[in-house]
Amino acid sequence: MKYSLFPGCIAKNMYPSIEKSTEIIFRQLGIDLIRDAYTCCPAPGVIRSYDFDSWLVIAARNLATAEKSGSDLMTICNGCYGTLHAANQHLIGHQDALKMVNEKMSTIGVSYFGRTKVVHFVDVIGDMIPQIRENVKVELGLKIAIHYGCHYLRPSIDSGQNPENPEILEGIVRALGCESIEFPEKLSCCGAGGGVWSGDEQVSLRILEKKLRFIKESGADCILDVCPFCHLQLDQGQKRLKARYEIPVLHLSQLIGLSFGTKDKILGLHTHMVSTRDIARKAKKARREIALDGD
Amino acid sequence: MTIELPDIIKEFDLKRCMQCGKCTASCPAGFESNLRTRLVIYLAKSGTDVLDMKELWCCTTCYSCQERCPKNVKVTDAIIRLRNLAVRNKNFPKIHIAAINAIKDTSNGFPLTPEVSKIRSLLGLPIEPHDVAHDAEELKKFKILLDSLSLLDLVEVVPE
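Top to bottom, those sequences are chains W and R.
Read in my numbering, the first sequence has 67 at position 67, and its numbers run on one by one without any break.
Read in my numbering, the second sequence has 21 at position 21, and its numbers run on one by one without any break.
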């Protein structure tokens, strides 16, 4: 099996630890990630809010790149998924829109036929629970506050998920030997989307803080996200608030990486803003107990 | 693309709205800002100009309102398209121009910085990611494509 990896701007250019962890876990799962030359997805919050057609054309150029390379496109970001999946659905459902983007792209010799399949890596992982179980070397036993983020779930007409009661991440967390803990506002937004992160810092941070307060009260060891933009907000955002929450933030690729026995530093956990020391310590202890090589 | 308010009312089924307020109750941004989704939809469907409402830009596009709307009004999609219309009236937060310019110059909304290059190198990743930003030929083509779109013209700020 192979996918064309669409890492997105933030995993590449702000949290490369997520790009690295993704490469590591998919290698362990025997899935090839090929790399094609992509641009920004483009950002569903800002670019789509400014000009829907420009958003569609830039997305179509990326979809055409995957189509030409002959692989399904896999995102590790809800924002990229929100754009590429929604734009793809729109193009497949609207012949006039497909014609419009192709006319624009003809100036640079690119065409799109609507054949690319866009998948979110959570769905790929969710379909591999037996292989995940086989590869788990370290059961971390962490109490985890799952943050789905918005655009993996909603709009459900595109995602096919149950947006009020999703279960896929809970299943993955269980397969890794961790525990998902419940907290109010679990399925709500982190406050970063829609251009609000850059457009209105105060509103963005207040939405974030409300969520962080509930997570802190829940006693979670860490927050788990499936989107580098949520990750940026949850990790860097904690440092922009006056109150100190100090809740470590892991992207799913990083939690799987740790559980598959990769050292925290190789996964780049030390490059986050909020210290992940406690998580790294637990992982190290668990590795020692089973005498895993390298410690 | 030309956009008019009546097209938005029709395309996103705003007339179906019965003002129940489930959208406002579901809105995480509404709790922390002046955004009242029900009001935005009420005004828009009545044909009132909402384009100078600053709170139009507080929506995080989380889609909770659209998901929960009992009348299947495409609330979030409508807000996004109302923003498109506001942009055409030069009513938008100028702060976003930085991200749009970043895409224009590098093809990425969040461009690579020297600090993160160091982290990439530390993690054993290629210092320059495999992307259009680091492929001169593809970047040139992307810029030609972007120049043919409305995006850059729309955000061009006329000096006062």
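Keep in mind that the hints were calculated from the coordinates and are not lab data.
Careful, some of the hints might be misleading.
From chain W, some residues computed to sit far from chain R (all C-beta separations above 12 Å) [claimed, not checked]:
no. : residue
1   : M1
2   : D36
3   : R61
4   : F113
5   : M128
6   : E134
7   : K137
8   : E164
9   : E179
10  : F183
11  : I207
Selected chain W positions facing chain R (in silico; Cβ < 8 Å) [stated by the list, open to error]:
no. : residue
12  : K12
13  : P42
14  : C150
15  : G199
Cβ coordinates follow ideal geometry from the N, Cα and C atoms, glycine included.
Each hint, compared with the structure:
1. M1: About 20 Å separates M1(W) from the closest Cβ of chain R, which puts it past 12 Å; holds.
2. D36: 8 Å, violated
3. R61: 6 Å, violated
4. F113: 18 Å, holds
5. M128: Holds, since 24 Å exceeds 12 Å.
6. E134: 26 Å, holds
7. K137: The assertion about K137(W) holds, with a minimum of 21 Å to chain R.
8. E164: 8 Å, violated
9. E179: 26 Å, holds
10. F183: The claim stands: F183(W) keeps its Cβ more than 12 Å from every Cβ of chain R (closest is about 15 Å).
11. I207: 5 Å, violated
12. K12: 4 Å, holds
13. P42: Interface hint status for P42(W): holds (6 Å vs cutoff 8 Å).
14. C150: With a minimum Cβ separation of about 4 Å from chain R (threshold 8 Å), the hint on C150(W) holds.
15. G199: Result: holds, 5 Å to nearest chain R Cβ.
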